[in-house]
Each structure stands twice: as C-alpha cells, then as structure tokens.
Amino acid sequence: AQSVTQLDSQVPVFEEAPVELRCNYSSSVSVYLFWYVQYPNQGLQLLLKYLSGSTLVKGINGFEAEFNKSQTSFHLRKPSVHISDTAEYFCAVSGPGGYQKVTFGTGTKLQVIP
Amino acid sequence: DAGVTQSPTHLIKTRGQQVTLRCSPKSGHDTVSWYQQALGQGPQFIFQYYEEEERQRGNFPDRFSGHQFPNYSSELNVNALLLGDSALYLCASSNPDRGHRDYGYTFGSGTRLTVV
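Going down the list, the sequences are from chains A and B. Numbering follows my numbering, in which position 41 of the first sequence is assigned residue number 41; successive positions increment by one, without gaps. Numbering follows my numbering, in which position 107 of the second sequence is assigned residue number 107; successive positions increment by one, without gaps.
Worth flagging that the hints you see were computed from the coordinates, not collected in a lab. Since the structure is predicted, the reported quantities are computational estimates derived from the model, not experimental observations. Any given hint might turn out to be false.
[Unchecked claim] So the derived list for chain A, only partly shown, Cβ under 10 Å to chain B, looks like this: (1) Val4; (2) Ser9; (3) Pro12; (4) Phe14; (5) Gln38; (6) Gln42; (7) Leu44; (8) Leu46; (9) Leu56; (10) Thr103.
[Unchecked claim] Listed next, the in silico DSSO-like pairs over lysine-lysine satisfying Cα-Cα at most 30 Å (straight line): (11) Lys26/B with Lys58/A; (12) Lys49/A with Lys109/A; (13) Lys26/B with Lys109/A; (14) Lys49/A with Lys26/B; (15) Lys13/B with Lys26/B; (16) Lys101/A with Lys58/A; (17) Lys13/B with Lys101/A; (18) Lys101/A with Lys26/B; (19) Lys101/A with Lys69/A; (20) Lys109/A with Lys69/A.
Glycine included, each C-beta is placed from N, C-alpha and C at the ideal position.
Working from the sequences, and respecting the hints, build out all of it.
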C-alpha cells in the first residue's frame, strides 16, 4: 500500500515570490506520482505527473516537480507565483501501471498575498 | 471534447434516506473511480469500476455501492445515510491503456451531498 504526507497544511507567499510545496510518499514498490490542483467548489485538475524517465517533471501553469527516490519526495515548485495560483494542491501516489487506485494527501492550501 | 460530467451538483437528504449520484466519463475513458472528499480533507478512494465490475474498493462500508453501464457511465449509491456522509463526491475517469501521455485521472466538478 502507498501513502502520501503533505507536510504543510497552509503556505502563504507573496505574489511573484517562489514557492515550494512539500510531499513525501511511502511505498514498498515503485510508484507513479501526481500533483493536482483544486479551485474552490471545483474538482481536481492534473498539474503534472511522474511515471518514469526524467526525475524533473514540468507541468501546466509554470509548475514543476522533482522525483527524489532516495528521499521519497516529490516537491512541487514554481519560481514566481500569481494571485490566480491561490488554490489547494494535492499530492497523490499510485502503484505503477494498470488500474491502480490513486491515494491522495491531505492537501496544502496556497495563499498568494498581493 | 466533454470532460467528466456529474449530476446533480448539489443534494440535500435526510438521515436514513438513500441517494444515487451519476457520472459520465470523459470520451475515450473506460474506467471510473469514485472519491469522497470531506470538508478540509483530501479525497478518499471509495471504489473503481472497469468493464462493468467493481475492481478495487477502499475502506468504505457496504452501504456504498456502485454500478457501471455498457457506455462506461457510472452510479454511486449510498443507503441509510448518516450525517457523516456529508461530503463532496468526486468521479474520476481514466484509460490506463492510452499510454503515458494521457495517463491520469480527469475529475468531474463533484456532487455536494448534505445529510441533515
């Protein structure tokens, strides 16, 4: 079984500043990793994913994440945030391939301050 | 290309009643997964349907049941509603056979269920 820990429940950051949202996972097998964003009263939207290959993954809206197997981490970063990035971000993990269930973390609320 | 469609968007039920939520997957997707998201929490996996059968199930009681139809659409049924069932119910569709480029869930906007 896999699990995900998001270390920060809320992260306030000033507009145009960089941000890092932390995610650690636990698994006894290889994993697929995901970051999703949820805006108020909406479903989740896929930001980016790591399935295999390059450990640095680029996603939509200028976000990127790095898979670190030795530290079992998959932190999300953006060099310069905008007001529109204010949302809740979820890290998620699944087993590799096939019809594996996806397990989500508890979420990190990113608040961008003007 | 229509994404995932869920209905209804909001629902208010009384304790002990039964409810049915509906989901139409994204075009080309054959797998539907249901999640419960309580206020301030991450989504919790309820179950997954593929080829009209329940393939995986999370830690939810038998009061939660589902169905998938030949057109891949799905229903989530909850019997004997409890106050604690109040949550946002999310449907996610996928097709793992489409390769890495398209791998991953597409979520609907959810059904907000309130049990009073």
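Okay, the hints, checked on the actual structure:
With its C-beta approaching chain B no nearer than about 8 Å, Val4/A sits inside the 10 Å limit, and its interface hint holds. With a cut of 10 Å, the hint placing Ser9/A at the interface with chain B holds, because the nearest CB-to-CB distance is about 9 Å. A cut of 10 Å between beta carbons decides the hint on Pro12/A: the least distance to chain B is about 17 Å, and the hint is violated. About 25 Å separates the beta-carbon of Phe14/A from the nearest beta-carbon of chain B, more than 10 Å, and the hint is not met.
Interface restraint check: Gln38/A against chain B, minimum CB-CB distance 9 Å, threshold 10 Å, status holds. A cut of 10 Å between beta carbons decides the hint on Gln42/A: the least distance to chain B is about 5 Å, and the hint holds. Annotation: Leu44/A was flagged as interfacial toward chain B, and the flag holds, the nearest CB pair being 4 Å apart, inside 10 Å. Annotation: interface hint on Leu46/A holds; nearest CB of chain B at approximately 5 Å, less than 10 Å.
Contact between Leu56/A and chain B, as hinted, is not supported at the beta carbon level, the nearest pair being about 16 Å apart and thus beyond 10 Å. At about 7 Å, the closest approach between the beta carbon of Thr103/A and any beta carbon in chain B falls short of 10 Å, and the interface hint on this residue holds. Under the criterion of a C-alpha separation no larger than 30 Å, the hint pairing Lys26/B with Lys58/A is consistent with the structure, at around 24 Å. The suggested pairing of Lys49/A with Lys109/A holds, with an alpha-carbon distance near 19 Å, which does not exceed 30 Å.
Distance check on the hinted pair: Lys26/B and Lys109/A sit about 28 Å apart at the alpha-carbon level, within 30 Å; holds. At roughly 19 Å between alpha-carbon atoms, Lys49/A and Lys26/B fall within 30 Å of each other, so this suggested pair holds. A hinted pair counts as satisfied when its Cα atoms are at most 30 Å apart, and Lys13/B with Lys26/B qualifies at roughly 28 Å. For the hint linking Lys101/A to Lys58/A, the alpha-carbon distance of about 23 Å falls within 30 Å, and the restraint holds.
This hinted pair checks out: Lys13/B and Lys101/A have alpha carbons roughly 29 Å apart, not beyond 30 Å. The straight-line distance between the Cα atoms of Lys101/A and Lys26/B is roughly 18 Å, inside the 30 Å bound, and the hint therefore holds. Pair hint Lys101/A plus Lys69/A holds up; C-alpha atoms about 21 Å apart against a cutoff of 30 Å. For the hint linking Lys109/A to Lys69/A, the alpha-carbon distance of about 25 Å falls within 30 Å, and the restraint holds.
Violated hints, in rising order: 3, 4 and 9; the structure is consistent with all others.
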